[in-house]
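Undergrad: Chain by chain, the residues:
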Amino acid sequence: MEGVTKMNKGLISGLVLLALGIVCGLLLSVVNYFTAPKIKEVEDAIKYEALAEFYTLADYDLSEVEGTGDFGTIFILKAKGTETIEALVYTVSAQGYSGANQKIQMLIAVNADLSVEGYKVVSHAESTGFGADIVNNDFGVSEIDDLSGFDSVAGVTETSNGIKTCFNLVGQRIAADLGGGLSE
Amino acid sequence: MDNLIMLAFSAFIIENIILTQFLGICPFLGVSTKRSSALGMGMAVIFVMLISSSVTWLLYKYVLEAFSIEYMRTIVFILVIASLVQMVETFLKKVSPPLYKALGIYLPLITTNCAVLGVAILNISKEHNFLEMLVYTTFIGLGFLFVMYIFSMLREKLDFAPVPKAFKGAPIALVIAAILAIIFSRFGGII
Amino acid sequence: MSNKENFFKGIIKENPLFVSLLGMCPSLAVTTSLENAIGMTLGVFFVLVLSNFIISLIMSNKKLAELVKPVRIPVYIVVIATLVTIVEMVMHAYLPSLFFSLGVFIPLIVVNCIILGRAEAFASENKPVDSVIDGVGMALGYGLAIMLISIFREFLGKGTLTVWGDFQINLTFIFDFLKIEPIAMFVQPVGAFLTFGLILAAITAIANNHKNKLAKKVANNG
Numbered sequence: 025m026e027g028v029t030k031m032n033k034g035l036i037s038g039l040v041l042l043a044l045g046i047v048c049g050l051l052l053s054v055v056n057y058f059t060a061p062k063i064k065e066v067e068d069a070i071k072y073e074a075l076a077e078f079y080t081l082a083d084y085d086l087s088e089v090e091g092t093g094d095f096g097t098i099f100i101l102k103a104k105g106t107e108t109i110e111a112l113v114y115t116v117s118a119q120g121y122s123g124a125n126q127k128i129q130m131l132i133a134v135n136a137d138l139s140v141e142g143y144k145v146v147s148h149a150e151s152t153g154f155g156a157d158i159v160n161n162d163f164g165v166s167e168i169d170d171l172s173g174f175d176s177v178a179g180v181t182e183t184s185n186g187i188k189t190c191f192n193l194v195g196q197r198i199a200a201d202l203g204g205g206l207s208e
Numbered sequence: 174m175d176n177l178i179m180l181a182f183s184a185f186i187i188e189n190i191i192l193t194q195f196l197g198i199c200p201f202l203g204v205s206t207k208r209s210s211a212l213g214m215g216m217a218v219i220f221v222m223l224i225s226s227s228v229t230w231l232l233y234k235y236v237l238e239a240f241s242i243e244y245m246r247t248i249v250f251i252l253v254i255a256s257l258v259q260m261v262e263t264f265l266k267k268v269s270p271p272l273y274k275a276l277g278i279y280l281p282l283i284t285t286n287c288a289v290l291g292v293a294i295l296n297i298s299k300e301h302n303f304l305e306m307l308v309y310t311t312f313i314g315l316g317f318l319f320v321m322y323i324f325s326m327l328r329e330k331l332d333f334a335p336v337p338k339a340f341k342g343a344p345i346a347l348v349i350a351a352i353l354a355i356i357f358s359r360f361g362g363i364i
Numbered sequence: 017m018s019n020k021e022n023f024f025k026g027i028i029k030e031n032p033l034f035v036s037l038l039g040m041c042p043s044l045a046v047t048t049s050l051e052n053a054i055g056m057t058l059g060v061f062f063v064l065v066l067s068n069f070i071i072s073l074i075m076s077n078k079k080l081a082e083l084v085k086p087v088r089i090p091v092y093i094v095v096i097a098t099l100v101t102i103v104e105m106v107m108h109a110y111l112p113s114l115f116f117s118l119g120v121f122i123p124l125i126v127v128n129c130i131i132l133g134r135a136e137a138f139a140s141e142n143k144p145v146d147s148v149i150d151g152v153g154m155a156l157g158y159g160l161a162i163m164l165i166s167i168f169r170e171f172l173g174k175g176t177l178t179v180w181g182d183f184q185i186n187l188t189f190i191f192d193f194l195k196i197e198p199i200a201m202f203v204q205p206v207g208a209f210l211t212f213g214l215i216l217a218a219i220t221a222i223a224n225n226h227k228n229k230l231a232k233k234v235a236n237n238g
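The listed protein sequences derive, respectively, from chains A, B and C. Residue numbering for the first sequence follows the numbering used here, beginning at 25 and increasing consecutively. Residue numbering for the second sequence follows the numbering used here, beginning at 174 and increasing consecutively. Residue numbering for the third sequence follows the numbering used here, beginning at 17 and increasing consecutively.
Hints are supplied without guarantee of correctness; some may be wrong.
Calculated pairs, DSS-like style, for lysine-lysine (alpha carbon to alpha carbon, straight line, at most 30 Å) [what the hints assert, rightly or not]: (1) C:Lys20 - C:Lys78; (2) C:Lys85 - A:Lys33; (3) B:Lys267 - A:Lys33; (4) C:Lys78 - A:Lys30; (5) C:Lys233 - C:Lys20; (6) B:Lys266 - C:Lys85; (7) C:Lys25 - B:Lys341.
Pair ranges (Cβ atoms, derived) [as the list claims (entries may be wrong)]: (8) B:Ser256 - A:Leu51: 19 to 27 Å; (9) C:Asn77 - A:Ala103: 58 to 66 Å; (10) C:Glu30 - B:Pro337: 23 to 31 Å; (11) B:Met174 - A:Glu67: 29 to 37 Å.
Which residues of chain A face chain B? A partial, calculated answer using Cβ under 8 Å [unchecked claim]: (12) Cys48; (13) Gly49; (14) Leu52; (15) Asn56.
Bear in mind the hints are in silico, worked out from the structure with no lab data behind them. Please read all numbers here as calculations on a predicted model, not as lab measurements. For every residue, glycine included, the Cβ atom is placed at its ideal position computed from N, Cα and C.
I would like the entire structure built from these sequences, with the hints used as guidance.
TA: Rendered as structure tokens:
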């Protein structure tokens, strides 16, 4: 008899714990319902922080895909509520000067009409003095399919080759991507 | 492969759980007065860490993410750890009573050890895959054991040193820990 | 115990950090700036006061207490973990910069020995109102302790005191006056251990001094 009472007591205690767990879980799902949208806003702001330099993010629907090879994250900006791609921002890297393992990584923002909205060198391992200036340089590129302005501005050859390669890589795929070639 | 080696090295020394990440300080100061207890505690922690990190990693991936209830993470993780410690206690009591007695109160205290819950959460926030999680957790645990052991050796010697009254116990231990922290922070430049 | 005693014990006599040495992990990691310490205090305050209250409510009901006793530690843990998760979610949504500075230490509030310790030692055996006062006292004691450490660390290490966001007190002129740089080591792990150790030694010295004076008084009167 006593064994049964003990087991019952243990069972009831376990049930109390389970009940408490369920109550807490429900409470949290309520809090989550209220905070989740705000949290998404915060996370998106961080993710798309880089894009904010080129575009007013609130004007677009934002999404992204992971590129392969030389391409990192590709951000897709669509007109709000539509499937029309207004702009694409590419994370692309290419060989710079200092050694096989160090690449120049750039963010290149291209509009649907192939005009270049902006670009930024995100990271590089060039020795200071040579390529250190490239982060802030204006490379004179305004159309992605017309890089003629580039050579006249850039100074040092190897480094700027890396940057030119980045632009070229983007130029090669932009038409296909705008035409819906990006799988989300 | 060398990605994993880097991960292991960094977990052991550069991001050392005690001296850089400040997790596991309570046992670090509380259990490190004797070499034998430091060793025993360290091994128990490694064991609990490995199993709890594996179980919580699997739970997060296949249950919490699947049902979009990631916010239940803290509750689920700590309950897993508490149950695991309970099971280890019961197991040790049956299999090795002397070890159980030696660890004494420190065994249930592993539940509130920041390092155990901390590592479980870090594996998720660093987005490790299963193999990376195993490597990271193992070497974090070994780093914990390593520092605890060195520290216990220092503290054993400290018992014979003329320490000013105000510094006896925790304060002098913390100052010594500060010196250890400088040494470990210099490893950061290696990679 | 009077309410006043109950409240003040958490701040001085039984200060959870400096006397009981509980909750050390966050106090070393989070004290790199005053703002982080204040943020952590808010989190601990919310969790400690509410958990003390809820657990005291549960354990005050005789029948419920009987049922809960065999599983009381898991019950405490579930209550505390729920409160901590609420803090996590609210901070992530409305105080994101604080959330990212405090990082993993927000969920680690759940294993902060202070909270579980007070639940087991006090809240489970006292009335809800007393438990709330105890919680408030302990949380404030902990908060004042980590704020003290962070004032030292941030001032010596960076020369500023960041109170909240952009509200920052810039004291670098003191360093300029003394013609030295802020001592960066204080905002690194070294400084954490060192500051905490030195403050602890100072407090021990003051306490010993106080004890000696009291002993002398008793001896003189006796």
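Undergrad: Take the hints in turn and mark each one as holding or not.
TA: Status of each hint after checking the structure:
1. C:Lys20 - C:Lys78: Within the cut-off at roughly 27 Å; holds.
2. C:Lys85 - A:Lys33: 10 Å, holds
3. B:Lys267 - A:Lys33: Holds, because 25 Å separates the two Cα atoms, which is no more than 30 Å.
4. C:Lys78 - A:Lys30: 19 Å, holds
5. C:Lys233 - C:Lys20: 25 Å, holds
6. B:Lys266 - C:Lys85: 22 Å, holds
7. C:Lys25 - B:Lys341: 24 Å, holds
8. B:Ser256 - A:Leu51: 19 to 27 Å: Once the Cβ atoms are compared, 22 Å apart, the range 19 to 27 Å for A:Leu51 and B:Ser256 holds.
9. C:Asn77 - A:Ala103: 58 to 66 Å: Once the Cβ atoms are compared, 60 Å apart, the range 58 to 66 Å for A:Ala103 and C:Asn77 holds.
10. C:Glu30 - B:Pro337: 23 to 31 Å: 25 Å, holds
11. B:Met174 - A:Glu67: 29 to 37 Å: Cβ of B:Met174 to Cβ of A:Glu67: about 33 Å, so the range 29 to 37 Å holds.
12. Cys48: Holds, because the Cβ-Cβ distance from A:Cys48 to chain B comes to roughly 7 Å (cut-off 8 Å).
13. Gly49: 6 Å, holds
14. Leu52: Holds - the Cβ of A:Leu52 comes within 8 Å of chain B, reaching about 6 Å at its closest.
15. Asn56: Holds. Min distance 5 Å.
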